[in-house]
Amino acid sequence: MSNSDRPTDLIDTLAVTPTSRRSFLKAASLGAVSVAGVGTMVACGKAGETGAAAVKQAGAVPAANAVTPAASAQATADAMDAMHEKGIKAFPAKTKGKGNQLLAPRVEKGVKIFDLTASVVQWEVEPGRLVEAWTYNGTIPAPQIRVREGDRVRINLKNDLPESTAIHFHGLELPNDQDGVPFITQPPIKPGQSYTYEFTVPNAGSHMYHSHHNATKQVGLGLLGGFIVEPKDTSHEPKVDQDYVMVLNDGAHGYTFNGKSFPATEPIVAKLGQKLRIRYMNEGMMIHPMHLHGMHQTVIAKDGWPLPYPYRCDTLNIAPGERYDVVVNCNNPGTWAFHCHILQHAESDHGMFGMVTALIVQK
Amino acid sequence: MSNSDRPTDLIDTLAVTPTSRRSFLKAASLGAVSVAGVGTMVACGKAGETGAAAVKQAGAVPAANAVTPAASAQATADAMDAMHEKGIKAFPAKTKGKGNQLLAPRVEKGVKIFDLTASVVQWEVEPGRLVEAWTYNGTIPAPQIRVREGDRVRINLKNDLPESTAIHFHGLELPNDQDGVPFITQPPIKPGQSYTYEFTVPNAGSHMYHSHHNATKQVGLGLLGGFIVEPKDTSHEPKVDQDYVMVLNDGAHGYTFNGKSFPATEPIVAKLGQKLRIRYMNEGMMIHPMHLHGMHQTVIAKDGWPLPYPYRCDTLNIAPGERYDVVVNCNNPGTWAFHCHILQHAESDHGMFGMVTALIVQK
Amino acid sequence: MSNSDRPTDLIDTLAVTPTSRRSFLKAASLGAVSVAGVGTMVACGKAGETGAAAVKQAGAVPAANAVTPAASAQATADAMDAMHEKGIKAFPAKTKGKGNQLLAPRVEKGVKIFDLTASVVQWEVEPGRLVEAWTYNGTIPAPQIRVREGDRVRINLKNDLPESTAIHFHGLELPNDQDGVPFITQPPIKPGQSYTYEFTVPNAGSHMYHSHHNATKQVGLGLLGGFIVEPKDTSHEPKVDQDYVMVLNDGAHGYTFNGKSFPATEPIVAKLGQKLRIRYMNEGMMIHPMHLHGMHQTVIAKDGWPLPYPYRCDTLNIAPGERYDVVVNCNNPGTWAFHCHILQHAESDHGMFGMVTALIVQK
Chain A
363 MSNSDRPTDL IDTLAVTPTS RRSFLKAASL GAVSVAGVGT MVACGKAGET GAAAVKQAGA
423 VPAANAVTPA ASAQATADAM DAMHEKGIKA FPAKTKGKGN QLLAPRVEKG VKIFDLTASV
483 VQWEVEPGRL VEAWTYNGTI PAPQIRVREG DRVRINLKND LPESTAIHFH GLELPNDQDG
543 VPFITQPPIK PGQSYTYEFT VPNAGSHMYH SHHNATKQVG LGLLGGFIVE PKDTSHEPKV
603 DQDYVMVLND GAHGYTFNGK SFPATEPIVA KLGQKLRIRY MNEGMMIHPM HLHGMHQTVI
663 AKDGWPLPYP YRCDTLNIAP GERYDVVVNC NNPGTWAFHC HILQHAESDH GMFGMVTALI
723 VQK
Chain B
363 MSNSDRPTDL IDTLAVTPTS RRSFLKAASL GAVSVAGVGT MVACGKAGET GAAAVKQAGA
423 VPAANAVTPA ASAQATADAM DAMHEKGIKA FPAKTKGKGN QLLAPRVEKG VKIFDLTASV
483 VQWEVEPGRL VEAWTYNGTI PAPQIRVREG DRVRINLKND LPESTAIHFH GLELPNDQDG
543 VPFITQPPIK PGQSYTYEFT VPNAGSHMYH SHHNATKQVG LGLLGGFIVE PKDTSHEPKV
603 DQDYVMVLND GAHGYTFNGK SFPATEPIVA KLGQKLRIRY MNEGMMIHPM HLHGMHQTVI
663 AKDGWPLPYP YRCDTLNIAP GERYDVVVNC NNPGTWAFHC HILQHAESDH GMFGMVTALI
723 VQK
Chain C
363 MSNSDRPTDL IDTLAVTPTS RRSFLKAASL GAVSVAGVGT MVACGKAGET GAAAVKQAGA
423 VPAANAVTPA ASAQATADAM DAMHEKGIKA FPAKTKGKGN QLLAPRVEKG VKIFDLTASV
483 VQWEVEPGRL VEAWTYNGTI PAPQIRVREG DRVRINLKND LPESTAIHFH GLELPNDQDG
543 VPFITQPPIK PGQSYTYEFT VPNAGSHMYH SHHNATKQVG LGLLGGFIVE PKDTSHEPKV
603 DQDYVMVLND GAHGYTFNGK SFPATEPIVA KLGQKLRIRY MNEGMMIHPM HLHGMHQTVI
663 AKDGWPLPYP YRCDTLNIAP GERYDVVVNC NNPGTWAFHC HILQHAESDH GMFGMVTALI
723 VQK
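Protein chains in written order, with our numbering: chain A, 363 to 725; chain B, 363 to 725; chain C, 363 to 725.
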C-alpha cells in the first residue's frame, strides 16, 4: 500500500483543525494510559521552598526587593516549556504543498509514461517559512514513482530551471545511456530543453531519482524523489498494511522528512496490530540515525536488496545515498516520538524542530 | 559481571600511584615482549650526521653561529615526544568522581526502586579540568541501572535542575505514558518537582536512559546513563568474565568515554584468556568508529537485540543513539590502545587526548 | 590479482593521450548505446521562446537594449556546463606519482623484507596542485604490502621526517611490541633514526599500515598504505579477475581516492563479465558512502573478516579506520560514475572533483 493509498479513516484522522488536533494527540496519549501502568506526577514542594534550596546550593544572596533567582528560574523554565509545548501542540501543522505523492502514469502501447517538469518554486518547509526550491512537478520530494520489475517506463523531463540538469535513477541498474550523468552518459539538458529516458525496469527495491548535475546544489534544493520498484515475485515481500517512503534531507532547507520540518512533518498513523513498512532514503549530506520510540524496527533490505538475515534495532543509521527498508509491528498503542538521534537535528531550547515526527498507533 | 563487580586484584592493579602506574604500564609492556617476537630499535647514525643529511635534503645552509636546523628539528621532535609521553605516563590519571557505577535498588513489595536526583555539579573530566555538568546523582554517566526482564521497577526522579526535564528510557518498549517525552507522553517535570516512573521491564538488552527535554543541551551536559536489562532466558547469552558498559560522548565536555577524557579514562583490565563483553552506547552527536588494537571484536547485538549472525571487526562504527554489544577474546597479552578512529577525537600534536583508553591483558 | 598486476591491455587502455582519452570515454559510452535502449534528446523549443517563458515566470522585465535574462541564463548554464565538461574530458588526468603500487620484498633466509623510508615530498594531487606530503617511499598511498598468512615479515623503517614517528599495522593481531604505539609498545622513532618491525603474519584480510604518532597530522599528510594478507586457505576466497585496493582520504590534501583527486583519480577498467574485488580502506576523518552506478556491490568482508552472510548494496558507508571488501560482477557495459555520495565531496558548481572515479566495463 502506498503513502497516498492509506485507508480513508486515517486520512480523516489527520485532516483535523488545529483545535481538534490537540484533542487528537491528547486522546492518543490518554488512550494509552489504561495500558500503560503507573505514571504519577508528584509536586514535591512549593516553588518557593524549592527555590530557597536552589539559592542555597548556588550560594547566591538574592536582593531583598528583587525577584528571587528561584522564582526567576521557574519563570525561565516555564517560558522554555511554553515554547516546547507550542511546537508539539502545533503538530501536525498545515503547510502548503505535499511531496512524495504517487504519480499515476499515462500508459501508451504498454509503456508507462511519467511527465516531469523541473522548475523553481516557493516551498513551505514549516508554517510561514518559504524557501526557494528546485523541484520535479513542484513538490519536495518529487512525486513518487512506483512501478513493477519488467515494466517499460518512459520519463519525459522538461527543464524549466535556470541551469542544465539530468536525472540519475539511483539504485536502478540501467543501460549506461539512461544513467543520467552529463558528459559521461548523456549531454546536459539545457534550460528550456526536454529529454526522454526510457527503459525496462530492472532490479526491484527502494530506489531514488535525483539530479546528477551540479548535484550538491540541485539535490540540496529539492530535485529528488522516491523510485519504488515492486518485485515480479512478491512471495518474499513482507505482508504489511502500510508502505511509507521517508526521505531524509539536510540541505539548504534545513532538516526535513519528506520536505517538511517539525511541526509540519507528517505523522504516520497506524492501527494497533498493523504492520508498517518504512523505506528510508537519505538524500542529504549527513548521517541520520533514525530512532523510533516504543517499538523496534526490523531491517529487511539495504539499498533495495533484501538482507539475507533481517536484524532488529531501534536506531538505524542511514548515510547519504543509502536506503533501508524496515518493518515495524505496531503493537504498542500511543503517540510515539520518531526522530533523528543527532539531537541538534531535532531539538533546541526552543523545542523540537527539524527531523521529528510521530508514529501514532491507534487502538 | 558488572563494571563495579570486578575481581579485587584488578581494582588493586589500577589503584596505583602515578609512579607505580608508570612501572605498571612498563611491566605490562615488557611482559609482552617475551611473547612478542623481535622488535629491535636501531639508531642508524649520530644525530649530527643525520642532521647534516636532513639539511642537505632541504637545501638549507645553516648560519655558522646558529643552532643547526637539524638540531632544531631534533629538539622540536623531543619536545613533542615529551608531551606525548607525559600524557601516556599519566594514564590512568586520577580524577574526582566516577560514573557508570551500579545503583543498587531498594526493594519494596517486589518492586525495585531507584532514586535519582538531577542536579548541576562540577565534574572533573580530566585532571584539573572542571566543567559544569548536569547529572543524575552527581556522576557522568549516571549510575548504571541493571535489572532483569520482567522486573517491576520504580524510578523516582527529583529535579534539582534550573530547567524542566524528563527521562526517556531509550530502547525500552514501555507503555506510552512511561516514555518520557514532555507534552507527548507526560508533562515536563519542573524545577523542584519530583516524578515517578513505574513499569514492568520489557525487552532485554543494552539500553540507555537520558533526558528527552531540551535534550541537545541536557544530554550534552551529562543527563545520561546505561540501562541494562538481563534476559530471563540466559541460555543465549555469551559466557563472559567481564561485562563493561562504555558510554561515548562528544558534547560540551569534549570527547569522553564514561565521562572522562584521556588520560583520565578508565583502562579495562583482563586476564589472559578471559572473555570481555563491551556494551557501547553513543550518547553524543557524532559517529565514533571504535578501534581496538591487538584483538578483534565479535559483534553480537545491535541496540540490545541479538544479531542473527555475529560478525567480526576491529573498528566498529557507532552512531548517536546506537548501542552495540561485542565480545573480545582476550588472547593477546599486553597494553593495547583502544580509541575512536576519527583521529581528531584522539590525538593532537600535544599527544593523545579525549577518546583513548587501553585494554590491558595480563598474563 | 593486485592493482599493479593488471592485464597489459588494460594498462595500455589507460595510457592514452588527452585526445585519445576523450575518444576512449566516448567509445565506452557509445559502446553501451546498442545495449541501452532508447535515450532521445529533444530540443523542445528555441532558446528565445523558452527564455520568454522563464522571464514571465520570474516576473522580470528585460531592458530593451540589454541581454535578456533568458539569454543570460542560457549563457550561465553553458559556462557552467563547459566547466563540468572540461573536468570529465580531462579524466583520467596525468599527474606525477602513483601510490598503492605493489612493493616486492627482498627475501633473506625465508624472511620477506620491506624497506620503507618516511620522508616529506611534493605530491601532485591533481594536475598542477602540488602539496606537502609525508610519505612512505614517496607516494600516497604508500607502496602496497601484500603477504600471506604465516609469512615471516621484516619491515625496516628509516625516518627522514622532521618529527618522530612509528608504524601501526592496523587490523593485524600482532605481538604487543610490534603494535607501533609510541610510549605504549615502543619508543618513538626519532628523526634520522631507523627501526625494525618483524613478525609472523597473523590474521588474513584487508588491513592497513599508518603512523600512530601525532597521527591526526601524520596520517592526514599521507603516512598510510594498504597491507593485504592473503589467507593460507584460499578455498573461501571469491574468484575474481581483479583485486583493487581503494584508499579513501579527506585530510589536508582534500578528498582523494588513492592519493588523487578527480580528474586525476584512476579509473578501474574491467572487461564485460569479469569479477572485481574492491578493498575499501578509509584513512580519513569522515564517513564516505561509496556509490557505484550501474551494478551493485556484494559486501563479503568487514575489516578483513569474512561476513557470515554477504549482502548487496549500491552505496556502502565506510567510516574512518574501517575496511570493506566487496565484489562487483561487471555485467553492465559502459563508463560508470563511482563516487562518494556526500555530494560536497564529489561535485561543485565547477564540476566533479575530489572523490570521483569511474568503473569502465568494456565489451
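None of these hints come from the bench; they were simulated from the model. Be careful, since some hints might not be right.
When chains are identical, the list treats them as one kind, so a pair holds in a single copy or across two.
[Claimed, not checked] Straight-line Cα separation of at most 25 Å, DSS-like style, residue types lysine-lysine; simulated pairs: (1) K637 - K725; (2) K448 - K579; (3) K471 - K460; (4) K448 - K637; (5) K458 - K601.
Each hint, compared with the structure:
Taking CA atoms no more than 25 Å apart as the test, K637 paired with K725 passes inside one copy only; the shortest distance there is 14 Å, against 46 Å between copies. Proximity of K448 to K579 under the C-alpha cut-off of 25 Å is restricted to the inter-copy arrangement: shortest distance 19 Å between copies versus 33 Å within a copy. When the C-alpha separation of K471 and K460 is checked against a cutoff of 25 Å, the pair qualifies neither within a copy, at 31 Å, nor between copies, at 53 Å. For the homomeric pair K448 and K637, neither the shortest alpha-carbon distance inside one copy (31 Å) nor that between copies (51 Å) is at most 25 Å.
Proximity of K458 and K601 under a CA criterion of 25 Å is satisfied in neither setting, with 33 Å inside one chain copy and 55 Å between copies.
When held up to the earlier numbered hints, the structure conflicts with 3, 4, 5 and fits the remainder.
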